[in-house]
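A.B. asks: These are the residues of each chain, in order.
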Amino acid sequence: MTYIKPKFRHPELPKNKIGYAKADYEGAISTLCGGCGHDSISAAIVQACYELSIEPHKLAKLSGIGCSSKTPTYFLSNSHGFNAVHGRMPSIATGANMANRNLIYLGVSGDGDSASIGMGQFVHAIRRNVNMVYIVMNNGCYGLTKGQNSATADIGSVSKGGSENRYPAIDLVGMALELGATFVGRSFSGDKTQLVPLIKAAMSHPGFALLDVVSPCVTFNNKPESTKSYDYVRAHLEATATLDFVPEKEEITVSYPEGDSAHVELHDGSVIHLQKLAPNWNPTDRYSAVNRLLEAKMKGEVLTGLLYIDPKSQEMHELENTVARPLNTLREEELCPGQEALEKINASFR
Amino acid sequence: MKPTNIQDPEYFHKVVDCQYACPAHTPVPEYIRLIAAERYTEAYMVNWESNVFPGILGRTCDRPCEPACRRGRIEEEPVAICRLKRVAADNKEEVRHLMPAIPEKKNGRKIALIGGGPASLTVARDLAPLGYEIHLYDEWDKGGGMMRTQIPAFRLPESVLDEEVDYILDMGIHTHFNNYVESMKEVLEKDYDAIFVGTGAPKGRDLNLPGRQEAGPRIHIGIEWLASVAFGHTTRIGKKVIILGGGNTAMDCCRTSRRLGGEDVKVVVRSPFKDMKASPWEIEDAQREDIPILNNMPPKKFVVENGKLKGIIFGKVAAIYDENGKRSLIPTGEPDVFIEADDVIIAIGQDNAFPWIERDLGIKFGKWDLPVVDKTTFQSTLDRVFFGGDAAFGPENVITAVAHGHQAAVSIDLFCRGESVYNRPAPYTNLVSQKMGIHEWSYDSPVVVDQRYLVPHAEKKVALSNRKVEVELGFDRPTGFKEAQRCLNCDVQTVFNTSRCIECDACMDICPTSCITFTTNGEEDGLRARLLAPANNTEQDLYVSENLPTGRVMVKDEDVCLHCGLCAERCPTAAWDMQKYLYQVTKATPIWNISEQSTI
Numbered sequence: 001m002t003y004i005k006p007k008f009r010h011p012e013l014p015k016n017k018i019g020y021a022k023a024d025y026e027g028a029i030s031t032l033c034g035g036c037g038h039d040s041i042s043a044a045i046v047q048a049c050y051e052l053s054i055e056p057h058k059l060a061k062l063s064g065i066g067c068s069s070k071t072p073t074y075f076l077s078n079s080h081g082f083n084a085v086h087g088r089m090p091s092i093a094t095g096a097n098m099a100n101r102n103l104i105y106l107g108v109s110g111d112g113d114s115a116s117i118g119m120g121q122f123v124h125a126i127r128r129n130v131n132m133v134y135i136v137m138n139n140g141c142y143g144l145t146k147g148q149n150s151a152t153a154d155i156g157s158v159s160k161g162g163s164e165n166r167y168p169a170i171d172l173v174g175m176a177l178e179l180g181a182t183f184v185g186r187s188f189s190g191d192k193t194q195l196v197p198l199i200k201a202a203m204s205h206p207g208f209a210l211l212d213v214v215s216p217c218v219t220f221n222n223k224p225e226s227t228k229s230y231d232y233v234r235a236h237l238e239a240t241a242t243l244d245f246v247p248e249k250e251e252i253t254v255s256y257p258e259g260d261s262a263h264v265e266l267h268d269g270s271v272i273h274l275q276k277l278a279p280n281w282n283p284t285d286r287y288s289a290v291n292r293l294l295e296a297k298m299k300g301e302v303l304t305g306l307l308y309i310d311p312k313s314q315e316m317h318e319l320e321n322t323v324a325r326p327l328n329t330l331r332e333e334e335l336c337p338g339q340e341a342l343e344k345i346n347a348s349f350r
Numbered sequence: 351m352k353p354t355n356i357q358d359p360e361y362f363h364k365v366v367d368c369q370y371a372c373p374a375h376t377p378v379p380e381y382i383r384l385i386a387a388e389r390y391t392e393a394y395m396v397n398w399e400s401n402v403f404p405g406i407l408g409r410t411c412d413r414p415c416e417p418a419c420r421r422g423r424i425e426e427e428p429v430a431i432c433r434l435k436r437v438a439a440d441n442k443e444e445v446r447h448l449m450p451a452i453p454e455k456k457n458g459r460k461i462a463l464i465g466g467g468p469a470s471l472t473v474a475r476d477l478a479p480l481g482y483e484i485h486l487y488d489e490w491d492k493g494g495g496m497m498r499t500q501i502p503a504f505r506l507p508e509s510v511l512d513e514e515v516d517y518i519l520d521m522g523i524h525t526h527f528n529n530y531v532e533s534m535k536e537v538l539e540k541d542y543d544a545i546f547v548g549t550g551a552p553k554g555r556d557l558n559l560p561g562r563q564e565a566g567p568r569i570h571i572g573i574e575w576l577a578s579v580a581f582g583h584t585t586r587i588g589k590k591v592i593i594l595g596g597g598n599t600a601m602d603c604c605r606t607s608r609r610l611g612g613e614d615v616k617v618v619v620r621s622p623f624k625d626m627k628a629s630p631w632e633i634e635d636a637q638r639e640d641i642p643i644l645n646n647m648p649p650k651k652f653v654v655e656n657g658k659l660k661g662i663i664f665g666k667v668a669a670i671y672d673e674n675g676k677r678s679l680i681p682t683g684e685p686d687v688f689i690e691a692d693d694v695i696i697a698i699g700q701d702n703a704f705p706w707i708e709r710d711l712g713i714k715f716g717k718w719d720l721p722v723v724d725k726t727t728f729q730s731t732l733d734r735v736f737f738g739g740d741a742a743f744g745p746e747n748v749i750t751a752v753a754h755g756h757q758a759a760v761s762i763d764l765f766c767r768g769e770s771v772y773n774r775p776a777p778y779t780n781l782v783s784q785k786m787g788i789h790e791w792s793y794d795s796p797v798v799v800d801q802r803y804l805v806p807h808a809e810k811k812v813a814l815s816n817r818k819v820e821v822e823l824g825f826d827r828p829t830g831f832k833e834a835q836r837c838l839n840c841d842v843q844t845v846f847n848t849s850r851c852i853e854c855d856a857c858m859d860i861c862p863t864s865c866i867t868f869t870t871n872g873e874e875d876g877l878r879a880r881l882l883a884p885a886n887n888t889e890q891d892l893y894v895s896e897n898l899p900t901g902r903v904m905v906k907d908e909d910v911c912l913h914c915g916l917c918a919e920r921c922p923t924a925a926w927d928m929q930k931y932l933y934q935v936t937k938a939t940p941i942w943n944i945s946e947q948s949t950i
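The listed protein sequences derive, respectively, from chains W and B. Counted from 1, the first sequence has number 187 at position 187 by this note's numbering; the numbering is strictly sequential. Counted from 1, the second sequence has number 468 at position 118 by this note's numbering; the numbering is strictly sequential.
Source of the hints: derived by calculation from the structure; they are not laboratory data. Be a bit skeptical, because a hint or two may be false.
[To be verified] Computed cross-link-like contacts, DSS-like style, restricted to lysine-lysine with a CA-CA straight-line distance of at most 30 angstroms:
hint, chain 1, residue 1, chain 2, residue 2
1, W, K312, W, K58
2, B, K651, B, K666
3, B, K540, B, K460
4, B, K590, B, K660
5, B, K676, B, K589
6, B, K535, B, K616
7, B, K364, W, K7
8, B, K660, W, K7
9, W, K146, W, K58
10, B, K590, B, K352
11, B, K676, W, K146
12, W, K297, W, K312
13, W, K5, B, K785
14, W, K17, W, K146
15, B, K616, B, K460
16, B, K785, B, K818
17, W, K7, B, K455
18, W, K223, B, K589
19, B, K666, B, K725
20, W, K146, W, K70
21, W, K70, B, K832
22, W, K5, B, K364
23, B, K651, B, K540
24, W, K160, B, K540
25, B, K832, W, K5
26, B, K627, B, K818
27, B, K589, B, K540
28, W, K58, W, K70
29, B, K660, B, K535
[Stated by the list, open to error] If you want a taste of the chain W side facing chain B, the calculated C-beta under 10 angstroms gives, among others:
hint, residue
30, Y20
31, A23
32, C33
[To be verified] Which stretches of chain W does chain B cover? Using the computed rule of at least three CB atoms under 8 angstroms from a CB of chain B, they are:
hint, stretch
33, 135 to 144
34, 321 to 333
As the structure is a prediction and not an experimental result, all values here were calculated from the model. Glycine residues also receive a C-beta, built at the ideal position from the N, C-alpha and C atoms.
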């Protein structure tokens, strides 16, 4: 067994603004199957965090159960982590976020974890606009239990088992748009040039950012007849726009032609530049996003890219009007201000 | 960039940095793995096939392989390749029965070898198994050439030297020792089918400064003095000794002086310490024996009183470099320094000398009175005369002489068979998958983080009391194993099959040293800049695939690849495979076929 990742790294590995190399964002060696799309998504997360110069201890990664939910072990070893019960990651994330709003919350889930057992949790996290990135590593099957079709498998798709899937797929992206999600994107594990800026934009978005990432299961769901195989996805890939994420205060070096380009400014000053590929689509218009999505579905396309963003998103803490400081830093005298304060409050009701 | 042609035998050869840097192209990782497997005899034979003198070179080689070692690019120190070679030599069992048989019936061709050093001995070894009648001439009473006369016994024990020289002489070589060849014309008049000249660079440089003539016998020429010590003619030296020069000969002279009665031995070099030509380990060994090295001090004159040497007056200089890096030594204006000496040894270089080759024989001589020799065939302008070793292109080292010997032997064999000497055989190559099963390779793919191991030395007091006590003791077997495990197995190549790749990025994501990138193709300069990690070492190639279905290509920077096999391990379609590449320089006759006899 030669499954040891050497400790040596490239001696000239560049460092980011806070002095970390990409290697500082790595995790343990993956135990998933070689070629699993999930590993590519892990690598994209590492790349995004490195590029954003995130301090690893300022990020919490949360997951449920499944191949997807194993991945937080394989990235960001120096960050906080919580591996929840199957499908219950959104509750944990909501609670953690309530207690400490200063961390970046990165939820990792799968199609089983989100679209089946955890559906009830998933929709409420969207409804509450919990400030987190929610990545669904979507392979259309239960890889951990030998590849049975999951709720996101398309009608007619054939996995390694050989039989066609008879039930319609739950489209998490369409559902999130319907539920009022404030940031909705879809991507493909095999396309890091799109996925990395999407993750960066999602991390900068205040509120719930859903990234549905099609991630082929090489072992059980990579037949040419499967709609979630490398070949099929590549052949049917359509993008709303090419996307470039420019963090706050960074100089804009790329020039964007007039016309089909759009800029979305986020609350922290960072900007998403979009070079639109789809006509009649506006990233800040939910109606056009739903239309474009349905249109793609009818044509059998896998529509990727940023689908919708609400630049005026108000996340859970704003809706709840909580204090600006993380609750876990409030001391007893601040939480129990005493008799005098209580009487003042009571007096206001009289 | 165009897709890399891995059919070119030199492409993967270049990836094996140590082997590529070795003049004789010894398959280094192959024998290091054999050492780790405690198969010392086979490890020895892999060496013997290629470099002919494993025991000798395992102690004295100039080690061009070590600065090239990939390990030195990912951490501080390369693998101790040279010392591992010695582990093979020290621990081998009987090897004579593995060496080629010498035919009783000769092929009717006679070859003369002038000089009994490494180049001539290599020619003898490569040609004797083919039935050539070989006559070897040397001025000394034993074979070995400069390996015997210039390398002190405390670095190379006589027994080791005798053993490896005898393996060759016992192949039925007709030796003519104590026989200084004085005339090439006479040799040509004898009935030799071909003549090989391997007479080295036997003339030590002198230093004609004021007082040189008067000082007389207390000033010695380095290589001549070392030879005289080696043959027991010189057994003593004065208490105070100055060595002039900063090369390996100077290091051997100063350390030998310490063993012959020199108590206050100093090495004085005219240039800065860092520009010294001696190998770093030889400088260290000298310093360990309490020999100071004074730098930036050119000698001005020998001080002689009443016909007796008193010492040397040195000036003081500083090295100034111009914008092209050219050095000039400028006097600093400080007062001159007088250093006392009973003896002075001049070790400032050596030259070729061919007073015995008449200039009207058709053998042309060119610059610096060196013969005109073809760089590939080692043939001179007289077709049956060949040159090799230091005699061909000036002073180099033992391993270069061996490399020349192999090529000259190929030429001589072709020449004697009436074929063109340019019709040279291609190298022997082999590329074989090392996959044994899931997570299982036939080589130790995990990369150990161990630092280079130190080699033990004999106790200084004992070593200095006798010039024949070997100083470096070599690795014991357990340390040899640990050092061998530091080898990155660079000969186990990452071979990419474009048609199998599904572009899942698994290899790119797992590669610990970020060597692999999938990107759009382009010109080399641009491509090097936009890989995952910058590919700034332009001496190392980029391995570029054919176009993939998405229009991208796979680009692998060979520079710091650890050959850990994780790319192949994670590849779901076996588009990557780890395949062992064997490259053997073709000899005049097969000596030891590695892939048949010792595969590991």
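A.B. asks: Confirm or reject each hint.
C.D. replies: Do the hints match the structure? See the list:
no.: 1; hint: W:K312 with W:K58; in the structure: 24 angstroms, holds
no.: 2; hint: B:K651 with B:K666; in the structure: 13 angstroms, holds
no.: 3; hint: B:K540 with B:K460; in the structure: 10 angstroms, holds
no.: 4; hint: B:K590 with B:K660; in the structure: 10 angstroms, holds
no.: 5; hint: B:K676 with B:K589; in the structure: 38 angstroms, violated
no.: 6; hint: B:K535 with B:K616; in the structure: 45 angstroms, violated
no.: 7; hint: B:K364 with W:K7; in the structure: 25 angstroms, holds
no.: 8; hint: B:K660 with W:K7; in the structure: 59 angstroms, violated
no.: 9; hint: W:K146 with W:K58; in the structure: 36 angstroms, violated
no.: 10; hint: B:K590 with B:K352; in the structure: 64 angstroms, violated
no.: 11; hint: B:K676 with W:K146; in the structure: 69 angstroms, violated
no.: 12; hint: W:K297 with W:K312; in the structure: 28 angstroms, holds
no.: 13; hint: W:K5 with B:K785; in the structure: 18 angstroms, holds
no.: 14; hint: W:K17 with W:K146; in the structure: 43 angstroms, violated
no.: 15; hint: B:K616 with B:K460; in the structure: 49 angstroms, violated
no.: 16; hint: B:K785 with B:K818; in the structure: 48 angstroms, violated
no.: 17; hint: W:K7 with B:K455; in the structure: 59 angstroms, violated
no.: 18; hint: W:K223 with B:K589; in the structure: 85 angstroms, violated
no.: 19; hint: B:K666 with B:K725; in the structure: 41 angstroms, violated
no.: 20; hint: W:K146 with W:K70; in the structure: 16 angstroms, holds
no.: 21; hint: W:K70 with B:K832; in the structure: 36 angstroms, violated
no.: 22; hint: W:K5 with B:K364; in the structure: 25 angstroms, holds
no.: 23; hint: B:K651 with B:K540; in the structure: 49 angstroms, violated
no.: 24; hint: W:K160 with B:K540; in the structure: 81 angstroms, violated
no.: 25; hint: B:K832 with W:K5; in the structure: 19 angstroms, holds
no.: 26; hint: B:K627 with B:K818; in the structure: 25 angstroms, holds
no.: 27; hint: B:K589 with B:K540; in the structure: 50 angstroms, violated
no.: 28; hint: W:K58 with W:K70; in the structure: 21 angstroms, holds
no.: 29; hint: B:K660 with B:K535; in the structure: 46 angstroms, violated
no.: 30; hint: Y20; in the structure: 15 angstroms, violated
no.: 31; hint: A23; in the structure: 8 angstroms, holds
no.: 32; hint: C33; in the structure: 7 angstroms, holds
no.: 33; hint: 135 to 144; in the structure: violated (count 0)
no.: 34; hint: 321 to 333; in the structure: violated (count 0)
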